[in-house]
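Residue numbers for the sequence shown follow my numbering, so the first one is 1 and each next one is one higher.
Hints are computed from structural coordinates only; laboratory data are not their basis.
C-beta: ideal position from N, C-alpha, C; glycine also.
Hints may contain errors.
[What the hints assert, rightly or not] Computed spacing ranges between beta-carbons, pair by pair:
1. Ala-67 <-> Glu-266: 42 to 48 Å
2. Asp-270 <-> Leu-38: 17 to 23 Å
3. Gly-362 <-> Ala-172: 23 to 29 Å
[As the list claims (entries may be wrong)] In silico lysine-lysine, BS3-like type, Cα no more than 27 Å apart, as pairs:
4. Lys-384 <-> Lys-192
5. Lys-139 <-> Lys-371
6. Lys-276 <-> Lys-97
7. Lys-336 <-> Lys-191
8. Lys-293 <-> Lys-245
9. Lys-331 <-> Lys-190
10. Lys-139 <-> Lys-176
11. Lys-159 <-> Lys-146
12. Lys-68 <-> Lys-196
13. Lys-68 <-> Lys-159
14. Lys-191 <-> Lys-139
15. Lys-97 <-> Lys-146
16. Lys-366 <-> Lys-190
17. Lys-336 <-> Lys-97
18. Lys-4 <-> Lys-196
19. Lys-191 <-> Lys-97
20. Lys-146 <-> Lys-4
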Amino acid sequence: MAAKYAVRNVDMGGGERMPLLVDGETGLGLFEPTAWSLSLRSQRLEVNTIADALSAVSFLYESLAEAKVTLMDRIRQNDLLSLGEVEGLVARCKYDKAGLRFADQVAETANVSLHRKPLEKSKAAHYDVAVVQSNTAGKRLLYIAKYLDWLADYAFLSKIPSNRNEFRGIAAMVVKAIRARTPGKSPTKKKKGLTKSVEERLWAVVSADSPENPWKNSFIRKRNYLIVRLLRDLGIRKGELLGVKIEDINFSNNTIFIARRPDDPEDPRDRQPEAKTLERTLPMGDLLVEVLKAYIDEERAAIPAARRHPFLIVARDGEPLALNSIDYMFKTVREKFPELASVAAHILRHTWNDSFSEFAKGSLSKEDQRKVRNYLMGWTENSKSEADYTARFVEEQAQAASLAMQNDIYREAQA
1 MAAKYAVRNV
11 DMGGGERMPL
21 LVDGETGLGL
31 FEPTAWSLSL
41 RSQRLEVNTI
51 ADALSAVSFL
61 YESLAEAKVT
71 LMDRIRQNDL
81 LSLGEVEGLV
91 ARCKYDKAGL
101 RFADQVAETA
111 NVSLHRKPLE
121 KSKAAHYDVA
131 VVQSNTAGKR
141 LLYIAKYLDW
151 LADYAFLSKI
161 PSNRNEFRGI
171 AAMVVKAIRA
181 RTPGKSPTKK
191 KKGLTKSVEE
201 RLWAVVSADS
211 PENPWKNSFI
221 RKRNYLIVRL
231 LRDLGIRKGE
241 LLGVKIEDIN
251 FSNNTIFIAR
261 RPDDPEDPRD
271 RQPEAKTLER
281 TLPMGDLLVE
291 VLKAYIDEER
301 AAIPAARRHP
311 FLIVARDGEP
321 LALNSIDYMF
331 KTVREKFPEL
341 ASVAAHILRH
351 TWNDSFSEFA
361 KGSLSKEDQR
371 KVRNYLMGWT
381 ENSKSEADYT
391 ARFVEEQAQA
401 ASLAMQNDIY
411 REAQA
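Work out the full structure: start from the sequences and follow the hints.
Take a look at the structure:
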């Protein structure tokens, strides 16, 4: 079943892209969400962030479409959403979007509505709908609340409601009700880098000549090994990696430039990878240089289509690799090797930070550690992101300190 509403990136020329929320049947953009996305663009939000916001708003429009409600008609009548519709919307946001399409189709065939009242896990499971993390549901609802807040102001200033003051009060209550039902961040543990034993196991699996390597194709094996090598050795994000061009690599001094290129006209990908950090030049070690040279000269150069664009990491057909391909790559590893269940692209960034902490603790002052780490990670000079990336190192240091204190107590007791 096709989605009732979908987010599409429109090429505005010169490499600039604009996400639009479109009607799944007509392909036409929805006016109010488009106006909102333009306001987000004026705030200098990244394209992928705007696309995520519109994807969240699609939950609102799909929920209303199921109830045969037109939002602007409601506004003309000085109304917005009923409490039941708010509850149904909140429930809908808790489930996987693709699974909901199937559930909606089943419900439509059976002439029932799944979302007239809040969904329960058991009912969702019956229709094979996966439950998303509360963080994901919360993010969707926050975007929806922001959109409705903006829409209320737009309608008020455009004199769309027959009684603007009455409408403004109702709209404020609806937005408040949504925010009150928005789940907060899950009380999950901080992400940690890989332990040394898990990392050793990872290399044993992904090495290009490993008999355990889960990929059959020689090019895929070598490319994926390079991807893991770059992510682990440099601590860069997957979006930064996929944005690297051949011209960013300097083999004369063995460095690689991590660039910010929003709306890159050379990038044909619908969802372009985006660098969320500062530009920087990173040094490469001998092993990484060796693997990188072999990939460029022997693997990438052998694919004719790869010569038509400058991006380093390519798919088998030579096109720039899609952002979700890296996620799928690590998913394959996790599914085939349960002992590597914690492995993901961003976890390698945490692992790099653990290694840096271990290396720097005896050679750099705390202030120098912070400055060097912030540069290598692409964080601003005064960034405090370090605390989010050093959980394993801090835990190990805390355990070591605790054991040392206990041993001192034992020695004193025996003296």
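Cross-check of the supplied hints:
The hinted range of 42 to 48 Å is satisfied by Ala-67 and Glu-266, whose Cβ atoms lie roughly 45 Å apart. For Asp-270 paired with Leu-38, a C-beta distance near 19 Å keeps the hint of 17 to 23 Å intact. Under the hint 23 to 29 Å, the C-beta atoms of Gly-362 and Ala-172, about 57 Å apart, miss the expected range. Between the alpha carbons of Lys-384 and Lys-192 the distance comes to roughly 17 Å, so the proposed pair stays at or under 27 Å and holds.
At most 27 Å may separate the alpha-carbon atoms for a hinted pair to count; Lys-139 and Lys-371 exceed this at roughly 32 Å. Taking the CA atoms of Lys-276 and Lys-97, the gap is about 26 Å. The hint holds against a cut of 27 Å. A C-alpha spacing of about 22 Å is found between Lys-336 and Lys-191, which places the hinted pair at or below 27 Å, so the restraint holds. With a C-alpha separation of about 14 Å, the suggested pairing of Lys-293 with Lys-245 holds against the 27 Å cut-off.
Proximity of Lys-331 to Lys-190 is assessed by CA-CA distance (about 20 Å); at most 27 Å being required, the pair is judged to hold. Simply put, Lys-139 and Lys-176 have alpha-carbon atoms about 15 Å apart, close enough for the 27 Å limit, and the pair holds. The hinted pair formed by Lys-159 and Lys-146 meets the criterion: a straight-line CA distance of about 20 Å does not exceed 27 Å. For the given pair, Lys-68 sits about 56 Å from Lys-196 by alpha-carbon distance, which is inconsistent with the 27 Å threshold.
The straight-line distance between the Cα atoms of Lys-68 and Lys-159 is roughly 24 Å, inside the 27 Å bound, and the hint therefore holds. Only pairs whose Cα atoms come within 27 Å are accepted, and Lys-191 paired with Lys-139 is accepted, the gap being roughly 19 Å. Restraint check: the Cα-Cα separation between Lys-97 and Lys-146 comes to about 20 Å, which is no more than 27 Å; the hinted pair holds. Note on Lys-366 and Lys-190: the hinted pairing holds, with a Cα-Cα distance of about 22 Å set against a maximum of 27 Å.
A distance of roughly 26 Å separates the Cα atoms of Lys-336 and Lys-97; the hinted pair therefore holds under the 27 Å criterion. A threshold of 27 Å between alpha carbons decides the hint, and for Lys-4 with Lys-196 the separation of about 47 Å lies outside it, so the pair is violated. Among the hinted pairs, Lys-191 with Lys-97 is consistent with the structure: their alpha-carbon atoms are about 26 Å apart, no more than 27 Å. About 22 Å separates the Cα atoms of Lys-146 and Lys-4, which keeps this hinted pair within 27 Å; it holds.
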